[in-house]
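Starting from the known structure of chain A, arrange chain B on it as the hints suggest.
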Amino acid sequence: MNTITESPEASYVLLRLGEQRFAVPAEAVEELAGGSRLYKLPHTTPNVEGVIVRRKRVVAVRDIANLLTGRPLRMHRFYLIVRRRYGSFDEPEAFPVTGDCELLSGVIAVPRGEQQPEYIAGNIDLAGEQVPLLDLEKLATAVDAAGPAGRAA
Amino acid sequence: MIRAPQPKAKSAAPPRQEPVIVFVIADTELAIPAGAVHEIRSTDSLAGEASVFDQPDFPWVRHTIERSGATQYVVSVGTFFGMPRSRPSLVLVLRGVRYALLVDRIERMDALSTIYALPSAFQGDERRWYLGLALFEEGVVPMLNPQGLLTREHLERLDARHLAGAVPA
Numbered sequence: 109m110n111t112i113t114e115s116p117e118a119s120y121v122l123l124r125l126g127e128q129r130f131a132v133p134a135e136a137v138e139e140l141a142g143g144s145r146l147y148k149l150p151h152t153t154p155n156v157e158g159v160i161v162r163r164k165r166v167v168a169v170r171d172i173a174n175l176l177t178g179r180p181l182r183m184h185r186f187y188l189i190v191r192r193r194y195g196s197f198d199e200p201e202a203f204p205v206t207g208d209c210e211l212l213s214g215v216i217a218v219p220r221g222e223q224q225p226e227y228i229a230g231n232i233d234l235a236g237e238q239v240p241l242l243d244l245e246k247l248a249t250a251v252d253a254a255g256p257a258g259r260a261a
Numbered sequence: 060m061i062r063a064p065q066p067k068a069k070s071a072a073p074p075r076q077e078p079v080i081v082f083v084i085a086d087t088e089l090a091i092p093a094g095a096v097h098e099i100r101s102t103d104s105l106a107g108e109a110s111v112f113d114q115p116d117f118p119w120v121r122h123t124i125e126r127s128g129a130t131q132y133v134v135s136v137g138t139f140f141g142m143p144r145s146r147p148s149l150v151l152v153l154r155g156v157r158y159a160l161l162v163d164r165i166e167r168m169d170a171l172s173t174i175y176a177l178p179s180a181f182q183g184d185e186r187r188w189y190l191g192l193a194l195f196e197e198g199v200v201p202m203l204n205p206q207g208l209l210t211r212e213h214l215e216r217l218d219a220r221h222l223a224g225a226v227p228a
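Sequences listed follow chains A and B, in order. Position in the first sequence (first residue = 1) + 108 = this note's numbering. Position in the second sequence (first residue = 1) + 59 = this note's numbering.
Read the hints as simulated data drawn from the structure, not as lab findings. Just so you know, even glycine gets a beta-carbon here, dropped at the ideal spot from N, CA and C. One should not assume that every hint holds.
Stated by the list, open to error - Simulated coverage check for chain A against chain B, where a stretch passes if three residues somewhere in it have a Cβ under 8 Å from a Cβ of chain B:
1) 148-157
2) 164-172
3) 191-203
What the hints assert, rightly or not - If you only want the chain B side, here are some residues facing chain A, beta carbon under 10 Å, derived:
4) Leu89
5) Phe112
6) Phe139
7) Leu171
8) Tyr175
9) Leu177
10) Ser179
11) Ala180
12) Tyr189
13) Gly191
What the hints assert, rightly or not - Under the rule of at most 16 Å between Cα atoms (straight-line distance), these lysine to aspartate or glutamate pairs were calculated in the EDC-like manner:
14) A:Lys148 / B:Asp86
15) A:Lys164 / A:Glu139
16) A:Lys164 / B:Glu197
17) A:Lys148 / B:Glu197
18) A:Lys148 / B:Glu88
19) A:Lys164 / B:Glu196
Here chain A stands alone, though its shape is the one from the complex (with noise of 0.2 Å):
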């Protein structure tokens, strides 16, 4: 991915996770969804929560306020479903968030700081307050390697 050079001006889904706020690129999200139930079941991978069920398709659940915050969300919350890349094909993957997410459009996002960890494609600069654009290939890989493993044989 390559949204800094490719497309300044793109739109921005921004995140609250927590106090904390984040944007992704607009053309990966699909919806924010609230009020599905999560089914967990025996597995084990890392911060993969489980899944929820939104228009009969079966969407993972994964956990990215942990790596991000280092705290997970509160109970009551919403999903916000995204597209993922899997080889040659989409997939919908959900991440919990705390349920604010606003729409922004023609704003520029400028290159990440040396210090930022990858999974950061760069910032938006709103109003003095430097938002983290996320990489969602790269964050979910970094989740992947970051967490505890759920259940586990």
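This is chain B only, laid out in the frame that chain A set:
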């Protein structure tokens, strides 16, 4: 003009329904294709046939049973998956594999025409454990792969331990 009779369009065949058994372990529902289950026995009825298997590195196998001259390992599915302790009361004896499944109870029989693929986000052993996910009115239930729970390596190690000496029950 006379037209030759057109062949009747074949009506779409209804999707094949696969019977499944939904069982419960520690309040978690799991399913398995009914065709994979040879027999359902109560743990009480197996008491006379089972031998104790006590190996600390295989805490999820506590018993073996001998069937048709072969040893079958009774796998506590709850322990295997790291679920909370429960009270298993049934053994699902499977066809074509060398293990049986210890479960709490049968919840229901059902029929499915569609099993959803496990989302690609799941990258661990669960890709071997499950055939996919079943979507019932009541919710999502993982469909166990009857041949995927234990690997060949598991069985070779279990056999080695078993040959080293299981204690009769």
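Hints and how they fare:
Evaluation of the coverage hint for the region 148-157 of chain A: fulfilled, as 7 residues show C-beta separations to chain B shorter than 8 Å, against a requirement of three. A count of 6 residues in the region 164-172 of chain A with a Cβ less than 8 Å from any Cβ of chain B is obtained; the coverage claim is therefore met, three being the minimum. As drawn, the region 191-203 of chain A meets chain B at 4 residues by the rule of a beta-carbon pair under 8 Å; at three or more, the given contact holds. Below 10 Å, beta-carbon pairs count as interface contacts, and leucine 89 (chain B) has one with chain A at about 8 Å; its hint therefore holds.
Of the supplied interface hints, the one on phenylalanine 112 (chain B) is violated, with its beta-carbon coming no nearer than about 17 Å to a beta-carbon of chain A, more than 10 Å. For phenylalanine 139 (chain B), the shortest C-beta to C-beta distance to chain A is roughly 5 Å, which falls under 10 Å, so the interface hint holds. Here the hint on leucine 171 (chain B) is broken, as its CB sits about 13 Å from the closest CB of chain A, past 10 Å. A hinted interface residue such as tyrosine 175 (chain B) counts as satisfied when its beta carbon comes closer than 10 Å to some beta carbon of chain A; here the least separation is about 5 Å, so the hint holds.
The criterion of a C-beta within 10 Å of any C-beta in chain A is met by leucine 177 (chain B), whose closest approach is roughly 8 Å, and the hint holds. Using the Cβ-Cβ criterion of 10 Å, the hint placing serine 179 (chain B) at the interface with chain A is satisfied: the shortest such distance is roughly 4 Å. With 10 Å as the threshold, the beta carbon of alanine 180 (chain B) comes within range of chain A, its nearest partner Cβ sitting at about 4 Å, so the hint holds. A cut of 10 Å between beta carbons decides the hint on tyrosine 189 (chain B): the least distance to chain A is about 8 Å, and the hint holds.
Below 10 Å, beta-carbon pairs count as interface contacts, and glycine 191 (chain B) has one with chain A at about 9 Å; its hint therefore holds. In summary, the hint linking lysine 148 (chain A) to aspartate 86 (chain B) is supported, as the alpha carbons are separated by about 11 Å, within the 16 Å threshold. For the given pair, lysine 164 (chain A) sits about 14 Å from glutamate 139 (chain A) by alpha-carbon distance, which is consistent with the 16 Å threshold. Pair hint lysine 164 (chain A) plus glutamate 197 (chain B) holds up; C-alpha atoms about 13 Å apart against a cutoff of 16 Å.
Restraint check for lysine 148 (chain A) and glutamate 197 (chain B): satisfied, since their Cα atoms lie roughly 14 Å apart, inside the 16 Å limit. Between lysine 148 (chain A) and glutamate 88 (chain B) the alpha-carbon distance is near 10 Å, which keeps this suggested pair within the 16 Å criterion. Simply put, lysine 164 (chain A) and glutamate 196 (chain B) have alpha-carbon atoms about 11 Å apart, close enough for the 16 Å limit, and the pair holds.
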